[in-house]
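Chemist: If you want the building blocks of each chain, they are given just below.
2 protein chains.
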Amino acid sequence: MKTYKGYLIDLDGTVYNGTEKIPAAVDFVKALNEKGIPYLFLTNNSTKHPRDVAEKLRSMAIPATEAQVLTTSMATAKYVSEKDPGARVYPIGEEGLIMALEAEGLILTDEDPDYVVMGLDRDINYEKLSIGALAIRNGAKFIATNGDIKLPSERGFLPGAGSIISVLSVTTEVKPTFIGKPEPIMVEQALEVLGTSKEETLMVGDNYYTDILAGIHADVDSLLVFTGVTTSDDLQAVDKQPTYTIQSLTEWDF
Amino acid sequence: MKTYKGYLIDLDGTVYNGTEKIPAAVDFVKALNEKGIPYLFLTNNSTKHPRDVAEKLRSMAIPATEAQVLTTSMATAKYVSEKDPGARVYPIGEEGLIMALEAEGLILTDEDPDYVVMGLDRDINYEKLSIGALAIRNGAKFIATNGDIKLPSERGFLPGAGSIISVLSVTTEVKPTFIGKPEPIMVEQALEVLGTSKEETLMVGDNYYTDILAGIHADVDSLLVFTGVTTSDDLQAVDKQPTYTIQSLTEWDF
Chain A
1 MKTYKGYLID LDGTVYNGTE KIPAAVDFVK ALNEKGIPYL FLTNNSTKHP RDVAEKLRSM
61 AIPATEAQVL TTSMATAKYV SEKDPGARVY PIGEEGLIMA LEAEGLILTD EDPDYVVMGL
121 DRDINYEKLS IGALAIRNGA KFIATNGDIK LPSERGFLPG AGSIISVLSV TTEVKPTFIG
181 KPEPIMVEQA LEVLGTSKEE TLMVGDNYYT DILAGIHADV DSLLVFTGVT TSDDLQAVDK
241 QPTYTIQSLT EWDF
Chain B
1 MKTYKGYLID LDGTVYNGTE KIPAAVDFVK ALNEKGIPYL FLTNNSTKHP RDVAEKLRSM
61 AIPATEAQVL TTSMATAKYV SEKDPGARVY PIGEEGLIMA LEAEGLILTD EDPDYVVMGL
121 DRDINYEKLS IGALAIRNGA KFIATNGDIK LPSERGFLPG AGSIISVLSV TTEVKPTFIG
181 KPEPIMVEQA LEVLGTSKEE TLMVGDNYYT DILAGIHADV DSLLVFTGVT TSDDLQAVDK
241 QPTYTIQSLT EWDF
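In order, the protein sequence lines correspond to chains A and B.
Start counting the first sequence at 1; every next residue gets the next number (UniProt numbering).
Start counting the second sequence at 1; every next residue gets the next number (UniProt numbering).
Copies of the same chain look alike in the list, so a pair counts if it works inside one copy or between any two.
Using 35 Å as the maximum straight-line C-alpha spacing, the simulated DSBU-like pairs for lysine-lysine come out as follows: (1) Lys128 x Lys48; (2) Lys83 x Lys150; (3) Lys141 x Lys128; (4) Lys240 x Lys175; (5) Lys175 x Lys128; (6) Lys128 x Lys56.
Hints listed in this document are in silico derivations from the structure and should not be mistaken for laboratory results.
The task is simple: from the sequences and hints, build the whole structure.
Modeler: Listed below in C-alpha cells is the structure:
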C-alpha cells in the first residue's frame with residue numbers, strides 16, 4: 001500500500017453520523033495528527049461556518065482547527081473570487097454561504113448581479129427564487145455549491161441543495177456550475193491548501209457518488225469506508241472503483 | 001370547415017394578455033354566446049377561484065359565468081376525488097387549489113396524507129416542501145396541477161408551477177401525475193361539463209405545447225391563434241400540427 005502525505009476527509013458518514021461520532025474515525029484522525037500528516041475536512045454542507053464545523057469535531061475529541069475545514073461554500077466563494085475578484089453576487093443560501101462570499105470580498109446585492117450563487121437555503125421563498133431566475137435570464141452566471149438532492153434528517157430525507165437549485169435551472173433552462181463533490185474543483189482547491197500533489201494525497205469518504213467520484217474526477221486516489229451511504233453491493237453497479245475499500249478506518253495502515 | 005357544437009377556450013394569450021383584453025376574442029366569445037354554442041374556459045392557472053376568473057372576463061365585456069370556468073385546480077381536485085372520494089390530501093398551493101380541494105370534500109391535512117397535491121405556491125417555504133417530500137416518500141400519491149415552468153409577469157419570467165414542483169420530484173425521485181394542459185385529463189373533464197363529444201368540440205388556444213397538445217392528446221380538434229406564445233415559425237419544428245391556425249379570432253367562421 002502506498003504511503004500518502006496528505007488526506008482529504010469527508011465528514012458525515014465518515015467521521016460522524018449526524019450527531020454521533022464514529023470511534024474508528026476519531027482514532028484515525030488522531031493518528032494523522034500525531035504523525036504530523038496534513039489533513040483537511042471536505043464537506044458539501046454549505047450552511048455552516050468552518051469555525052462551527054471545527055468546534056463540532058473537537059467536541060467529539062477529533063483534532064480539528066477552522067483552517068482544516070473546507071466547506072463547499074468556501075470553495076464556491078473562492079471559485080467566483082478567482083474568476084472575477086470583487087464581483088457582484090446575488091446569494092441564495094444560509095450563514096455559511098453568505099459569510100464565505102463576504103470573506104472573499106464579493107459584493108452581495110440583489111440588483112444586476114454578475115453571479116447568482118445558490119446553496120441549501122432552508123429559509124427559501126418565492127421572491128428569492130424570482131430574483132435569482134430573473135438575474136440568470138438577464139445574463140448572471142449561475143453557480144451552485146453542490147447538487148445533493150437529499151438532506152438526511154431525523155424526520156427522513158428532506159430536500160437537499162440540488163433539489164432547491166432545480167427551481168432555477170428548470171425556470172431558466174440554464175444548468176449551474178456545481179462546485180462541491182463529485183466535481184473536481186473542491187478537491188483541487190483542497191490540494192492547494194494542503195500543499196500536497198495529486199499523487200501524494202488520498203480522498204477518504206463513505207459516499208461513492210460524491211466523495212469517491214470527486215477523487216476520481218480530480219485524479220486523486222480514494223478510500224471508501226463502509227460506515228455511511230455506500231455499501232459493497234452498491235459498488236458492483238459502478239464502473240470506476242475506489243482505489244481502496246475498507247469496513248472501518250481502524251483497518252487503515254498509514 | 002366543420003361546424004363545432006362546443007368550444008374549449010384558453011385564457012392568457014388567447015382571450016387576454018395579462019390585464020389587456022384581445023378585442024377579436026371578445027367578439028368571438030360574444031358570437032358563441034349569441035349563437036347559444038356552449039363554451040368553457042380552460043386555464044392552467046391554479047391560483048385563482050373560478051368566480052374571480054369569470055369576474056375578470058366580465059370586466060372585459062366577455063360573457064362568462066363561474067360555471068364556464070375550469071381551472072387546473074378544479075380539474076385536479078375532481079381527479080383525486082373521483083379516484084378516492086374523501087381522501088386525505090396535503091396541499092401545496094394557493095387559494096384556488098385549497099378551495100377546489102375543499103369543494104370536492106377532500107380532507108386537507110399534513111399528517112399521513114394519501115395524496116400530495118401541488119400547484120403554484122408563491123408562499124412556498126422549506127417546511128411545506130419537507131412535509132411534501134416526506135409524505136411522498138412514505139407512499140402518498142403525487143399529483144400536480146400543471147407543469148408550466150415559467151410564469152409571465154411584468155418583471156419577466158418567474159418560476160412556474162412546474163419549476164417549484166421539481167423540488168419534490170428531484171428530492172423523492174417520483175414523477176407527479178400532471179393534470180393540466182397538455183395532459184388530456186382536463187380536456188376530458190371539460191367535455192363532460194360541456195356535454196359535447198370529442199368529435200363535436202374544438203380546443204382554442206395560443207400555446208402549442210399546452211393548449212394544442214392537450215387537444216391532440218385528447219383527440220379533440222384544435223385551433224391555434226397567433227396572439228400569444230406560439231408563432232407560425234415555431235410550428236415548423238413540430239410533428240403533429242393543429243387542425244387549424246389563424247392570425248386573429250375575427251377570421252373564424254362558425
